[in-house]
Amino acid sequence: MTAMIELANAEKTFTMHLQGGVELPVVRGVSFHVEPGECVVLSGPSGAGKSSILKMIFGNYRCDGGRIGIRHHGSVIDLATAEPRQVLSIRRSTIGYVSQFLRAVPRVATIDVVAEPLIANGVVREEARARAGQLLRRLNIPERLWPLPPSTFSGGEQQRVNIARGFISDLPILLLDEPTASLDAANRAVVVELIAEKKTKGVAMVAIVHDDEIRHLIADRIVDVTSFAAAA
Amino acid sequence: MSELSRLDNDQPLLVAEGLAKNYGQLAACRDVSFSLYPGEVLAIVGESGSGKSTLLQLLSAQLAPSAGCVSYRMRDGVLRDLADLGEAERRFLFRTDWGYVHQDPAQGLRMAVSAGANVGERLMAVGWNHYGRIRDTASTWLERVEIDVGRIDDAPKTYSGGMRQRLQIARNLVTEPRLVFMDEPTGGLDVSVQARLLDLMRNLVSELGLAAIIVTHDLAVARLLSHRVMVMKGGRVIETGLTDQVLDDPREPYTQLLVSSILPP
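Those protein sequence lines, which keep their order, are chains C and A. Counting in my numbering, the first sequence runs from 1 upward without gaps. Counting in my numbering, the second sequence runs from 1 upward without gaps.
Hints are not guaranteed to be accurate.
As the list claims (entries may be wrong) - Pair by pair, the computed Cβ-Cβ distance ranges are:
{"id": "1", "chain 1": "C", "residue 1": "E126", "chain 2": "A", "residue 2": "A106", "range": "49 to 59 Å"}
{"id": "2", "chain 1": "A", "residue 1": "S192", "chain 2": "C", "residue 2": "D212", "range": "41 to 51 Å"}
{"id": "3", "chain 1": "C", "residue 1": "E126", "chain 2": "A", "residue 2": "D153", "range": "50 to 60 Å"}
{"id": "4", "chain 1": "C", "residue 1": "N140", "chain 2": "A", "residue 2": "I238", "range": "40 to 50 Å"}
{"id": "5", "chain 1": "A", "residue 1": "A106", "chain 2": "C", "residue 2": "Q86", "range": "33 to 43 Å"}
Said to hold, decoys possible - Just so you have them, the derived chain A footprint on chain C, three or more residues with Cβ under 8 Å:
{"id": "6", "region": "29-43"}
{"id": "7", "region": "106-117"}
{"id": "8", "region": "192-203"}
Hints listed in this document are in silico derivations from the structure and should not be mistaken for laboratory results. Here the structure is a predicted model, which means the values were calculated and not measured. The beta-carbon is built from N, C-alpha and C at its ideal position, and this holds for glycine as well.
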């Protein structure tokens with residue numbers, strides 16, 4: 001395959017043992033692929049399973065059936081059956097995930113929160129911090145906030161820190177879960193620009209966006225998740 | 001790049017095969033098998049009596065298994081059964097290549113001698129004999145664990161609980177071990193002190209590329225520190241996987257119960 005991501009009949013069911021073993025089917029028969037430089041937007045109403053699919057592609061939710069092929073270091077690894085060590089390796093050098101909420105470690109300065117993924121991939125600290133600074137500036141986080149941990153920031157500021165952290169690496173796959181949800185128009189425009197730049201670098205992206213205007217601006221293709229609804 | 005090469009290393013550092021421990025009729029630990037790789041942090045979680053502390057003692061050769069074996073890759077690259085090690089090799093592991101952080105710092109420290117001596121002692125045990133160098137290294141380590149170097153000559157009995165725990169960590173890491181065992185390392189501490197210690201441990205583990213096996217009943221500790229988690233119940237490993245996967249998408253009834261018992265922040 002030339003695709004960076006290829007899902008074939010992936011499925012997910014939650015079994016709620018504390019609720020008497022109720023089976024909660026989430027998605028079934030999920031099949032689509034993402035080519036390098038392409039942004040696929042998942043669409044469908046709340047609860048249709050968009051976030052679950054994104055989490056399955058990141059290996060955060062387990063896949064109960066089917067296949068999630070990820071191109072990693074030149075070969076294809078099936079995330080549905082990969083060992084934990086392989087998943088960690090994929091997350092380090094292939095897949096980045098920008099969630100809606102920042103899960104920051106207490107006491108770590110914003111600039112270092114953003115620089116960390118680069119440092120983990122062997123970039124020298126000074127260079128990593130310089131690149132983190134450039135991104136934070138573009139996303140309108142004032143320099144006086146950089147030395148502070150982001151835990152006290154507003155929701156929109158935290159999300160921009162999270163976006164900077166997600167976009168700083170040169171990973172070939174990015175998963176975006178509502179990257180513009182609590183941003184103002186100016187910052188939404190910056191995120192659209194960042195996504196366009198990633199496309200020109202050949203990054204494959206899967207995104208969830210509720211805003212029609214943003215979806216129109218970033219989507220190369222739309223995959224309707226309602227067709228994967230698992231009948232209860 | 002050193003951390004990367006360690007993490008991508010394909011040779012396991014420690015291998016447990018079919019480990020079991022019986023106390024008379026009671027099976028404290030049954031049929032535990034796994035491999036730990038260099039730079040990997042594994043959390044063993046479960047409630048009191050689940051067998052997690054017994055397992056830690058088996059893995060660190062403090063308890064002989066009733067069945068099964070633990071192998072460890074020595075610095076020469078050879079994987080050796082811990083039960084077959086000679087006394088000198090065993091001492092080398094305990095003094096240099098391994099660390100063991102106890103829940104109660106008083107068990108891992110000598111409470112009546114100075115902080116500097118507590119750290120320096122591990123160095124002297126591996127042949128360091130230059131007083132000035134030992135003291136310099138001890139000072140550096142006190143700084144790394146955020147203890148005021150002005151307190152280097154004070155005994156840990158004059159330290160707070162959080163400082164004692166940080167000192168115990170310094171004492172363990174000063175010999176640059178490749179593997180550290182931790183038994184409820186944040187167990188006896190206040191919440192604010194815990195957060196600081198966790199942050200410190202997280203940084204040290206990643207900077208030094210340490211492998212670690214951490215026993216904890218606190219899932220937040222597992223989430224923050226570990227790559228992989230094993231859930232124990234009744235002496236068995238009932239679920240294992242990537243930490244965020246097991247905690248966000250738990251499969252077993254008992255794991256779902258554990259995860260759902262956490263109060264929302």
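task = Establish whether the coverage given for the region 29-43 of chain C by chain A is satisfied; the threshold is a Cβ-Cβ distance below 8 Å, and no fewer than three residues must meet it.
result = violated (count 0)
Point to revise | Hint check for A:D153 and C:E126 - Cβ pair distance inside 50 to 60 Å | key: violated (37 Å)
Within 8 Å of chain A's CB atoms, at least three CB atoms from the region 106-117 of chain C: coverage verdict: Answer holds; 3 residues pass the 8 Å Cβ test.
Note whether the CB distance of A:S192 and C:D212 lies within 41 to 51 Å or breaks it.
Holds, since A:S192 and C:D212 (Cβ atoms, about 45 Å apart) stay within the stated range.
message: Range first: 40 to 50 Å. Now tell me if the beta carbons of C:N140 and A:I238 are that far apart.
response: holds (48 Å)
Residue count check for the region 192-203 of chain C against chain A: does it reach three with CB-CB under 8 Å? This one is violated; 0 residues, fewer than the three required, reach chain A with a Cβ under 8 Å.
Could you see if the CB distance from A:A106 to C:Q86 stays within 33 to 43 Å?
holds (42 Å)
| message | Just to be sure I understand the hint, the distance between the Cβ atoms of C:E126 and A:A106 should be within 49 to 59 Å; is that true here? | response | violated (42 Å)
Violated hints, listed in ascending order, are 1, 3, 6 and 8; each of the other numbered hints is respected by the structure.
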